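Visitor: The residues making up each chain are set out below.
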Amino acid sequence: MSHSHAAHDEHHDRAPSGLMRWVTTTNHKDIGTLYLSFSLLMFFVGGTMAMVIRAELFQPGLQFVDPQFFNSMTTIHALVMIFGAVMPGFVGLANWMVPMMIGAPDMALPRMNNWSFWLLPFAFILLLSTFFMPGGAPAGGWTMYAPLVMQTGDAFPFLIFAVHILGISSIMGAINIIATVFNMRAPGMTFMKLPLFVWTWIITAFLLIASMPVLAGAVTMLLTDRFFGTSFFSAAGGGDPVMYQHIFWFFGHPEVYIMILPAFGVVSAIVPTFARKPLFGYSSMVYATASIAFLSFIVWAHHMFTVGMPLAGELFFMYTTVLIAVPTGVKIFNWVATMWKGSMTFETPMLFALGFIVMFTIGGFSGLMLGVTPADFQYHDTYFVVAHFHYVLVTGAVYSIMAAVYFWLPKWTGHMYDEKLGKLHFWLSTIFVNVLFFPQHFLGLAGMPRRIPDYNVQFADWNMVSSIGGFMFGLSQLLFVYIVIRCVRGGQKATAQVWEGAHGLEWTLPSPPPYHSFTTPPVVK
Amino acid sequence: MIRRIRHRHFVAALTTLTGLLWSFGASADWTLNMRKGVTSISQEVYSLHMIILWVCVVIGIAVFGVMFWSILHHRKSKGAQAAHFHENTVVEIVWTLIPFSILIFLAVPATKALINIESTGNSDLTIKVTGYQWKWRYEYLDEGLSFFSTLEAKSNQARHLRSGVDVATVDNYLLDVDNPVVVPVGRKIRFLTTANDVIHAWWVPDLGWKRDAIPGFINESWARVEKAGVYRGQCAELCGKDHGFMPIVVVAKEEADYRKWVEEQKAAQAAALQADNPDREWTKEELMAKGESVYNANCVACHQTDGKGMAGVKPIAGSPVATGDVADHIDVVMYGRAGTAMAAFSQLSDAAVAAVITYQRNSFGNVAGDLVQPSTIKTEYR
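Read top to bottom, the protein sequences are chains A and B. In terms of the numbering used here, the first sequence is residues 1 to 525. In terms of the numbering used here, the second sequence is residues 1001 to 1382.
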């Protein structure tokens, strides 16, 4: 359709070249590529910290790092992975795919798009520079609980400002997606025809706009407590340390869904493609996503059952928390029903999507267990929790990003990736991620608290197994980088449709697509 | 050639790993599940845990069963043709209602257990637990008894980087303390948890719960230990550098043994109070000797044995506070420094405060020469 425009577009828009092309770009594809490359870099920065953690926990006794540095590792690993790897990963996917999926030429607010990306490197320079400051990097946990976070050294204001900048970047990214989807859909592309990836991203964008300012408020109060004599969270000054946790988790729980709803969208795109069958229960998928988003605002205190809430509060948060299992269950059932009586093939994106469904569900089960308050009194702050959120974040969110990259890489580059290596990457990752995280359930149940650099010998066996899994999982990711770089450089030419069962506007564009995706809006029947 | 060497390295690494795993296997167990514990709460929580676990396993087998059956049979390579159905209202309503009813089935025992855990009334005795960086203080409110509980000395030596001690040779490594909290079997004990500096969490898995210790808050929980024995736990809320090194040991004794222990502790505390008499004049030797032991129990974790401190901790050796005006020095020790890791130590006895300050001013190369009398602390700072 727009083939004839493609060549013409190539000329007049790519004026700056080299580095300045990337610094000044307002193109959704360039910015998507920047986000995805940054996400991959941060995945390895955060991953290196995870390797330090697993090396220290390989055996009982301290071998490599002192406890303060260990705490910095867990703290910064989490911040880097959440704000640097997973969130920018999904924003990168949205930048690339949303305009192409709704039949638009670009994002609605291209200059803001550029700024929201270029804030990120500066935020992480601030955050990572704290390793070289007196008192060391922040070590009070990524949740920055008062009063412990007040003991951070010179790094403290850098931590706060890094979080502020990340928040601003996320909010602008979210506004951009909402503006794009609400205003730039092709004629005939009604809301209930939107691909689920677009739907899940709109809902995610609203969650971001609602929750990020709350985080900004919480950390600003920390800042004034430290430097301007307020006592929001200091008991000695009449403040309330538990209030910090309430405010933080009012942001924090929606944040959890910010990292998983786009993953649902990715899986909902991949499963029908490789089952060669339309997605089962499209409208119930939309409603389930919206229900999960709504529930995410009334379950926050399940992260803090042990602070000593009144019985009525504990019961309320237990009931609302376990209720999330219902819409989440609907999603899993819909994916299984989509596969049912399909005509399935198992290319790498499908393998990662299937891995997502199985292992995210394992994380969902442990989430249900954690939601039951009396049992949570045993699980809370143990390795059981660590296992739970790594199942939903690594084999959930990260797996979906990898599935999406394999799924759309031929579209982006115009080349097929090496299928054999892709499958090898999947199987290595899947075997070792389970060796890494499954034993952590056992450690938590046996009584090992999280965030400790050293432990009693009774925990030695599973820790060693987990560390071996960790090293091998980490190494396997180098294969991913190799596959992606090789695919960018060349390979078998990809067709416009790429996958036999692919449907949707993005597959009507050539691979790679023209610089301005749809210069003439396509008509959607 | 290169390949053969690599192969040999690989085999060597594998053998070492197996050996390591084996050596720990001798001293440790491959524990898989939660323990049942020794209170009615812990047993109720355990059975609740097992119910949810099995519900999840059954649902998992059913859902993944269908999925894998589909993966095996509905594949293109077997010639499967794709059907075209994409919704079915009845099925969708059914699979919304089934999980909902399972949740209600789970909520009933969970609610019962929670009501039981929160019923802290009618207790037989009350123990107040206060978290400090990085130790616990126990106060027996009915007996007027109180003491601190810190990591036991052998673990404390072995836990440092390059300590040269094989941790496998330390009994109950990181799970042993100098002064365990002793409780009577069969009595309802009310625990009041709070903290002095940052948030901690008091957790003994065999009791079946953990509860945060929060400055400015007093949380209530309870336990009735059914069996005499030693039960170990740890701080469960990140509380700074030595979060992993402030274990909890509960020793449950029969009523008569418990009474005997209480009387012994009372006598010992009275004697200690006598020895710590703040009203008498102390010699420098006495203050230095006591100061050293107080330093090693309270200060050494951050300020180190050489007084030189560490990252984020100011040194005592050559510091302006420890070599300057003594009033400033007392001020820092008694009230701490807001916004830093330096906590207030006013909970120490008059003699302990006086002694540790004297010790700090005359050790690590400091030669202030002056000494602080316990009576000064008592009359001017209390």
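Any given hint could be a false lead.
Calculated Cβ distances over 10 Å to all of chain B for the following chain A residues [stated by the list, open to error]: (1) G18; (2) A325; (3) T338; (4) G342; (5) T345; (6) A375; (7) G504; (8) P510.
Lysine-lysine pairs mimicking DSBU-like chemistry, simulated, CA-CA at most 35 Å apart [as the list claims (entries may be wrong)]: (9) B/K1284 to B/K1253; (10) B/K1378 to B/K1308; (11) B/K1253 to B/K1266; (12) B/K1266 to A/K493; (13) B/K1188 to B/K1154; (14) B/K1227 to B/K1260; (15) A/K341 to B/K1154; (16) B/K1253 to A/K420; (17) B/K1378 to B/K1266; (18) B/K1078 to A/K341; (19) B/K1078 to B/K1154; (20) A/K493 to B/K1078; (21) B/K1308 to A/K193; (22) B/K1227 to B/K1128; (23) B/K1076 to A/K423; (24) B/K1076 to A/K525; (25) B/K1078 to A/K423; (26) A/K193 to B/K1227.
The hints are simulated quantities; they were obtained by calculation from the structure and are not laboratory data. Since we're looking at a predicted model, the values are computed, not measured. We treat Cβ as the ideally placed atom computed from N, Cα and C, and that holds for glycine.
Visitor: Take the hints in turn and mark each one as holding or not.
Guide: Verification of the hints:
Non-interface status of A/G18 relative to chain B is upheld: no Cβ of that chain comes within 10 Å, the nearest being about 40 Å off. Its closest Cβ contact with chain B, about 6 Å, brings A/A325 to no more than 10 Å, contrary to its assignment away from the interface. With a minimum CB-CB distance of about 8 Å to chain B, A/T338 fails to clear the 10 Å threshold, and the non-interface call is violated. Distance check for A/G342 against chain B: the nearest CB is about 5 Å away, which does not clear 10 Å, and the non-interface claim fails.
Annotated as non-interface, A/T345 brings its C-beta within 10 Å of a C-beta of chain B; the closest such distance is 5 Å. Not every beta carbon of chain B lies more than 10 Å from that of A/A375, the smallest distance being close to 5 Å; the non-interface claim is violated. Every C-beta of chain B lies more than 10 Å from that of A/G504, the closest at about 15 Å, which supports listing it as non-interface. Remark: the non-interface label on A/P510 is consistent with the geometry, its nearest Cβ contact in chain B lying 26 Å away (cut-off 10 Å).
For the hint linking B/K1284 to B/K1253, the alpha-carbon distance of about 42 Å lies beyond 35 Å, and the restraint is violated. Under the criterion of a C-alpha separation no larger than 35 Å, the hint pairing B/K1378 with B/K1308 is consistent with the structure, at around 29 Å. Taken as a hint, the B/K1253 and B/K1266 pair is honoured in the structure, with Cα atoms around 17 Å apart against an allowance of 35 Å. Annotation: proposed proximity of B/K1266 to A/K493 is violated, straight-line Cα distance about 85 Å (limit 35 Å).
Annotation: proposed proximity of B/K1188 to B/K1154 holds, straight-line Cα distance about 33 Å (limit 35 Å). For the proposed pair B/K1227 and B/K1260, the alpha carbon gap of about 18 Å is at most 35 Å, so the pair holds. For a cut-off of 35 Å, the pair hint linking A/K341 to B/K1154 is broken: about 64 Å separates their Cα positions. Our distance criterion of 35 Å between C-alpha atoms is broken by B/K1253 and A/K420, whose separation comes to about 64 Å.
The straight-line distance between the Cα atoms of B/K1378 and B/K1266 is roughly 22 Å, inside the 35 Å bound, and the hint therefore holds. At roughly 12 Å between alpha-carbon atoms, B/K1078 and A/K341 fall within 35 Å of each other, so this suggested pair holds. Proposed proximity of B/K1078 and B/K1154 is contradicted: the alpha carbons are some 65 Å apart, above 35 Å. Distance restraint check for A/K493 and B/K1078: the Cα-Cα separation of roughly 28 Å lies within the 35 Å cut-off, and the hinted pair is therefore satisfied.
In summary, the hint linking B/K1308 to A/K193 is not supported, as the alpha carbons are separated by about 68 Å, beyond the 35 Å threshold. This hinted pair checks out: B/K1227 and B/K1128 have alpha carbons roughly 22 Å apart, not beyond 35 Å. Restraint check for B/K1076 and A/K423: the C-alpha separation of about 18 Å stays at or below 35 Å, so the hint holds. For the hint linking B/K1076 to A/K525, the alpha-carbon distance of about 29 Å falls within 35 Å, and the restraint holds.
A C-alpha spacing of about 20 Å is found between B/K1078 and A/K423, which places the hinted pair at or below 35 Å, so the restraint holds. At most 35 Å may separate the alpha-carbon atoms for a hinted pair to count; A/K193 and B/K1227 exceed this at roughly 64 Å.
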